[in-house]
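Enquirer: Working from the sequences, and respecting the hints, build out all of it.
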Amino acid sequence: SLDPKHPNCIGPNKRPFHTIIPAFLKRGEGKFSGTPFGVMGGPMQPQGHLQVVCRMLFANQNPQSALDAPRWKLIGNKKVAIESGFAESVYEELRSRGHELEIAQQRTVAFGGGQIIHGITDGYAGASDSRRDGQAVTF
Numbered sequence: 083s084l085d086p087k088h089p090n091c092i093g094p095n096k097r098p099f100h101t102i103i104p105a106f107l108k109r110g111e112g113k114f115s116g117t118p119f120g121v122m123g124g125p126m127q128p129q130g131h132l133q134v135v136c137r138m139l140f141a142n143q144n145p146q147s148a149l150d151a152p153r154w155k156l157i158g159n160k161k162v163a164i165e166s167g168f169a170e171s172v173y174e175e176l177r178s179r180g181h182e183l184e185i186a187q188q189r190t191v192a193f194g195g196g197q198i199i200h201g202i203t204d205g206y207a208g209a210s211d212s213r214r215d216g217q218a219v220t221f
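Those letters in the sequence shown? Residues 83 to 221, per this note's numbering, in order.
Wrong hints could be hidden among the right ones.
To be verified - Taking lysine-lysine pairs in the DSBU-like style, the calculated list, with each CA pair at most 35 angstroms apart, reads: (1) Lys108 x Lys160; (2) Lys161 x Lys108; (3) Lys155 x Lys108; (4) Lys87 x Lys161; (5) Lys160 x Lys96; (6) Lys96 x Lys108; (7) Lys155 x Lys96; (8) Lys155 x Lys87; (9) Lys160 x Lys87; (10) Lys161 x Lys96.
For the record, the hints were derived by calculation from the structure and aren't laboratory data.
Expert: Written out as structure tokens, the structure is:
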């Protein structure tokens, strides 16, 4: 920002707050063994990265399913924004632990938007988050 009152106003000895945090998963060796990915959305980015990676690595979801799955977002203290689409037991468990839930009835860009290029045996698979207007195409 150029506004001198804005906390992110440009100036000397400052690190700008920005949201450029792409990531890369590396597994094994070989030409197609990497997975570059990213989830856009300011403070949602690291939370989105964590959720997408956990879904691919621990729930064995393919990249598109991992991106399209419902997400949550820690807002502060015990307040959590959460998309509809989780099992009811998830909402109940969060409430029982003292969290205040703000349930989004539909998927929105407030929960980020991601893209993934996933290395497979003989090429790549692409995925694009349906919360945004991107798409994965080949050439």
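Enquirer: Look at each hint and say if it fits the structure.
Expert: Structure-based check of all given hints:
| no. | hint | verdict |
| --- | --- | --- |
| 1 | Lys108 x Lys160 | holds (34 angstroms) |
| 2 | Lys161 x Lys108 | holds (34 angstroms) |
| 3 | Lys155 x Lys108 | holds (26 angstroms) |
| 4 | Lys87 x Lys161 | holds (28 angstroms) |
| 5 | Lys160 x Lys96 | holds (30 angstroms) |
| 6 | Lys96 x Lys108 | holds (32 angstroms) |
| 7 | Lys155 x Lys96 | holds (27 angstroms) |
| 8 | Lys155 x Lys87 | holds (28 angstroms) |
| 9 | Lys160 x Lys87 | holds (30 angstroms) |
| 10 | Lys161 x Lys96 | holds (30 angstroms) |
Hint compliance for this structure: no hint is broken.
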